[in-house]
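Could you use the hints to bring the two separately framed chains together as a complex?
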Amino acid sequence: MTVTTEKIKSLDAEGLSLQSVSLWQITWRRLFRRKSSIVGLVILSILILIALTCQWIAPYNPTLSMLDVKPPQDLQRRAAPCIHAFGCPQDQPQHILGVDGNLRDQFSRLLYGSRLSLMIGLSTVTFAIILGTVLGALAGYFGGWIDNLIMRVMDVLLAFPSLLLAIAIVTVLGPGLINALLAIGIVSIPAYARVVRASVLSVREMEYVSATRALGGDTTQILFRRILPNALTPLIVQGTLGIATAILDAAALSFLGLGAQPPTPEWGSMLGAERNQVFTAPHLVFFPGIAIALTVLSFNLLGDGLRDALDPRLAHVS
Amino acid sequence: MATYILRRILLSIPVLFGILFATFALGRLIPGDPCRAMLGEKATKVVCDEFIHRHGLDKPIPVQFGVYVNEMVHGDFGRSFRFSKPVTALLMERLPITVELSFFALILSLIVGIPLGIISAIRHNSWADVTTMLWANVGVSMPVFWLGLMLQYLFALALKGTFLQLPPSGRLSPGLIVPPFYTVWNLHLVKGTFTFTLLDFISRMNIFNGILSSNYHLVGDAIVHLILPAFALSTIPMALIARMARSSMLEVLGQDYIRTARAKGLRQRVVIMKHAFRNALLPLVTVIGLSLGGLLGGAVLTETVFNLSGVGRILYDAITARDYGIVQSFTLVIAVFFVALNLLVDISYAYLDPRIRLE
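These protein sequence lines are chains A and B, in that order.
Everything in the first sequence is counted per numbering that gives the first Met the number 0, starting at 0 for the first residue and increasing by one.
Everything in the second sequence is counted per numbering that gives the first Met the number 0, starting at 0 for the first residue and increasing by one.
Calculated from the structure, these hints are not laboratory results.
Where is the CB? At the ideal position from N, CA and C, for every residue including glycine.
One or more of the hints may lead you astray.
[Claimed, not checked] Cβ-to-Cβ under 8 Å is the rule here; a few derived chain A residues that face chain B:
id : residue
1  : Leu255
2  : Gly256
3  : Leu270
4  : Phe285
5  : Ile291
[Unchecked claim] Quick list of the computed label-pair ranges, beta carbon to beta carbon:
id : chain 1 : residue 1 : chain 2 : residue 2 : range
6  : A       : Met118    : B       : Arg27     : 47 to 57 Å
7  : B       : Ile222    : A       : Ser21     : 49 to 59 Å
8  : B       : Pro178    : A       : Thr125    : 54 to 64 Å
Only chain B is shown next, with the shape it has when bound in the complex (with noise of 0.2 Å):
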C-alpha cells in the first residue's frame, strides 16, 4: 500500500511542474507590459523597474521560470494591485469558503445521487427509473449559473412568506457576528503560526466554527444561506453519480455472484448493500473524481450568482478588473488542489479494490 502512495504521489510530480509551466506561460502571454498587467495600469516606473528586478523579467525565459517556480513553491504569489493584499492572505481568507461550498454540494450530489442511482437499477425500466434518468439528463443540461438565478426567484422571490422561503444571496443574515472558534475556546495564538493559519482557516468555514463554538444559531443560519448554492453547485455531479451509480450496479447486479447470493436466500438488502454495491464502488469513485474539478469551476459560476466571496467570486472580480496576477496564481492553486484530490481518489481505490495495490 505504501509503496503504491508513494508511486502514485511521485507520478503527480511532472503534472505539477507541467502546471507550474503553464501558469508562468499563460503570465508570459498577457499581451503588453507585464508590470502593468500585474501590477495595474498605474504602475509608475520605479515602482516597475523595481518588481522587473526582482521577478527577473529582464534576464532570459529559463531563469525567469526559475524563479517564478521558486517563488510558487514558497507559496509567494505576489501582492494584488486590486485587493493590495498579499494574493497567499486572500487565498487564505477566501478559500475555506469555497472548499465549504463545494464541501456541501459534493455531500449532497452523493447522498441524493447514489441512491437514486441504485433504486433506478433494482428497478430497471420502472417509472422510477425513467424519471430518475430524465432528471439526470436534464441535470447535465442545466447551466449552473441559470439554475442559480431561477432558484434565488423562486425561493426568495415567489415563495416568500412561506416556511421554504431562503436567502437569496450572503453566507450570513447581516449582523450576525462570527467570533472565530478559537477566541471562544480561549486559546491564545500567535498570528503567522501554522496552528493559527490552520484554525483560522478551519473558523472561516461558517458551519464548522459554528458547530465548534457551539454556536447553533449560527449553524442554522449558515446552513439556510448555504442550501441554495450547495444545490445550485451539485445538479451536475449529483446526475452523473446518479447515472454512473445505475450503469455500475446494473452491471454488477447480472454477475454471476449476485445469482448465487440470491440463491443461497440472502435479503435484498444484504444483496444489494454488501454484494452488489461494494462492487460497483469502483467506477463509482472515479466519476466523484471527476466531478470535483466540474465542483471547483462551478464554484466561480455559483460564487458569481450567490455572491459568496469565495475563490471563485475573487477570480471573477479579478477578471473584471484584470488582474492577472490573482488569476494566474489562483488558476495554479486550484489546479493543485485539484491534483491533489485525484490523488486522494487515486489511493482510495488501492483502498477500496486491494487488486489495484499489487498491480
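One chain only, chain A, in its complex shape (with noise of 0.2 Å):
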C-alpha cells in the first residue's frame, strides 16, 4: 500500500499523475521546475505589484514639475539623483533617480510607466489573438476561397519587417498611444491567425469532431467547444511572447515620438525626450531602458517556460 502511495507521489512530482490533474496544475508544477521560468514570474509579479500600488509609493505626482511643488524646489534641470541614505544633503530634496529635462521626478515616472506598459503589452496582444483567432479559425475550418483570402492578406502584413509597418500605419493615422496600440496590433495578428489556422486544421478532421457533428452540434459548437481549445495552448505561448513583442515595438514607437506623447510616463518616451542629453545625463537614458529590458525579459523568460512546460515534448531541446 505504501509502495503505491509513493510510486503516485513520485508520479506527481514528474507531472504525471494517477489522480486526475488538470493541464494547468500541471503546467504550473512544469512551469516552476525551471528557474528562468521563476525569474520571470518573480520579475513580473513585482512589475505587476508596481503598476498596481504606484499611486501610493510614487513620491510626487509623475507629470508634475517641481516648479509647481510648493514651496518651488530649487533643482537643476536633469539633476543627478539625490539620495538621502547614500549621502545626499538632508536640506535637498530626494529624489531617488533624479529629475527629468522638466523638473519631474524621474522614479515617479518610472513606476507610473510599469502600469503603461503592462497595459499596451495586454491590450494590443488581447486585440491581435481575438482578431487572429477569428480569422484563422474562419481560414482554417472552411478552408477554399475564404482560407485563401485570409491567408493570402495576413502573407502580406507578413511581408513587411513588422516594426516597418507600425511606424507606417502610425505616420498614417496620426501620432499617439492609441494609433500605435492599434498598428501594433494590426501588425501582430498574423502570427495568432497562423497558429489558431493550424490547430484547426490538425482538429477539423478528428473523431470527436464527427462525433459532434453527428450528434448535432453546429459550426458554433464544434468551433468554439471542439476545435478552439485546442488551440489555446500555441495561444497561450504565441500570446505571452507577443507581449514581450509589443512592449518592445510601442517603446520604439514612442522613442520615435509617434506613441505616447509627453507628459505621459511611458519609457519609451522618456528615453526618446533625453535621448540627445545621454552624455551629461546618462541617468535619464539608464533607467527607462532597463525598465524596458526588464519588462521584456519578464514576458520572454515566462513564455519559454510556458512553451516547455505545455508541450513537453521540446522540453529537451531548450
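Right, dumping it as C-alpha cells:
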C-alpha cells in the first residue's frame, strides 16, 4: 500500500499522476521546475505590484513639475539622483533617480510607466489574439477561397518588417498612444491567425469533431467547444512572447515620437525625450531602458517556460 | 532546381501586388487633402491641381490604383517636398548606408551567434551554455535604441582616452574626403546609365569603396564608426541565431547517425561540423531570414540614434516632417527588398536540402 502511495507521489513530482490533475496544474508545476521561469514570474509579479500600487508608492505625481511644488524646489534641470541614505545633504529634496528635463521626478515617472507598459502589452495582444483567432479559425474551418483570401492578406502583412509597417500605419493615423497600439495590434495579427489556423486544420478531421457533428452540433459549437480549445496552448505561448514584442515595439514607436505623447510617463518616450542628453545626464536614459528590458525579459522567460511546460516534447531541446 | 526557383518567384508576385495595394491604401488613408499631405502645407492651388491631375486623384479608386502601380513599377516615387528631390534619387543615395549597416550587423550576428549556439549545444547545461542562453534572453529583451545610447555613453565617454574609445556617431571622421572608387580607377561614366547607378551605389558604402580604391585609411575609419551601430543592431538577431543554432544542434546531436559517426571513431570536430551542423543549418536559415526583417526595422532606430543618414534616418525625418510620400514609398521599397531577401532564403533551402527541390 505504502509502495503505491509513494509511486503516486513520485509520479506527481514528474507531473504525471493517477489522480486527475488538470492541464493547468501540470503546467504550473512544470513551470516552477525551471529557474528561468521563476525569475520571469518574480519580475512580472513585482511589476504588477508596482503597477497596482504606484499611486501610493510614488513620491510625486509623475506629470508634476518641481516648479509647481509648494514651496518650489530649487533644482537644476536633469539633476543627478539625490538619495539621503547615500549621503545626499538632508536639506535637498530627495529624488531617487533624479529629475528630468522638465523637472519631473524620474522615479515616480518610472513607477507609473510600468502601468502603461503592462497595459500596452496586454491590450495589443488581446486585440491581436481576438482578431487573429477569428480569422485563423474561419480560414482553417471553411478552407477554400475564404482560407485563400484571409491567408494571402496575412502574407502581405508579414511581408513588411513589423516595426516598419507599424511606423507607416501610425504615420498615417497620426501619432498617439491609441494609434500606436492599434498599429502594433494589426501587425501582430498574422502570427495568431497562423497558429489558430494550423491547430484548426489538425483538429478538423478528428473523430470527436465528426461525433459532435453526428450528434447534431452546429458550427459554432464545433468551433468554440471542440476545435478552439485545442488551439489554446500554442496561443498562450505565442501571446506571452507576443506581449514582449508588443512592449518593445511600442517603446520604439514612442521613442520615435509616434506613440505616447508627453507628458505621459511612458518609458520609450521618456528615453526619446532625453536621448540627446545621454552624455550629460545618462541616468535619464539608463533607467527607462532597464525598465523596458526587465519587463520584456520577464515575458520572454515566462513564454519560454510556458512553451516547455505546455509541450513536454520540446523540453529536451531548450 | 530552376522549376523550384521559378515557382517561388511566381508565388511572390501576389504578395508584391498585395504590398502595392497596402501602401496605396495607406496613402489614401491619410486624413485631409492628399495633395497637401504629399506636397506639404504650403503647396499652391496650381501645383495641387497639377498634382491631382497627374496622379489621377480625380478619377475612381481602381483607376487611381492603376496609375499608382504603373508609377511604382517604373520606379517613379514622386518628389519629396522636404528634400526637394525625386524620392528615387534620395533612395539610391541613402539605401547603400542602410545596406552596409545591416550587412555588417548580420555578419556580426552570424560569426558570434552560430559558434555560441554550437558550443552551448555540445556542452549542454554547462556554465558556457547557461551563460550564453542567459545573454541570449537578455539580448532579445533589450530595446535597440537604448543599447545604442548606452554603447555611445560607454565607448565614447566612459572609455574616452583609452584604446577602446570609439566615435559615438556619424560614418566617417570629419574632414575625411572620399573619392568614389570609379574616379580613382579613372572610369569615365555617364550619369544616369545603369553601370553608373550600380557603381555609384557601391561607392556609397564606405567600406567597399575604401577596399576597391585601396584607401585603407578610409576602410579603417569607416569600420571604427560602424562597430557600435552594427553591434547594437546585431544583438537581437545574434541572440535569436544563437538560440536556434543551439536547439537545432541539440535536436540533431540526438540522432542515430551522429551516434554512428561517433561509433566509427570520427573525430569530434568532424562529427560536429560535417555530420551535425550541416543538418542543423535549415532551421537556422529560417531564423536568419526572419531576422532580416528585424534588421531593416531596427535600422530605423539604430540610424536615428547613431545619426547615420541611411533610409531609416530619412524615414524618421520624414515622419517628423509628415512627408507622407517618403514614408509610403520607403515602406514599399523596404518591403519589396524584404520579399526579395526571403526569396533568396527560400532558394537557399533548396540548395541546402535537395529534398525540398522535389516537393
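Against the structure, the hints:
1. Nearest Cβ of chain B to the Cβ of A/Leu255: about 6 Å, under the 8 Å cut. The hint holds.
2. Here the hint on A/Gly256 is kept, as its CB sits about 7 Å from the closest CB of chain B, short of 8 Å.
3. For A/Leu270, the interface hint holds, since its Cβ comes within 8 Å of a Cβ in chain B; the closest pair sits about 6 Å apart.
4. The beta carbon of A/Phe285 comes within 7 Å of a beta carbon in chain B, closer than 8 Å, and the hint placing it at the interface holds.
5. Interface restraint check: A/Ile291 against chain B, minimum CB-CB distance 5 Å, threshold 8 Å, status holds.
6. Judged by the Cβ atoms, the range 47 to 57 Å given for A/Met118 and B/Arg27 is violated: they are separated by roughly 31 Å.
7. For B/Ile222 paired with A/Ser21, a C-beta distance near 57 Å keeps the hint of 49 to 59 Å intact.
8. A hinted range of 54 to 64 Å for the beta carbons of B/Pro178 and A/Thr125 is consistent with their spacing of about 56 Å.
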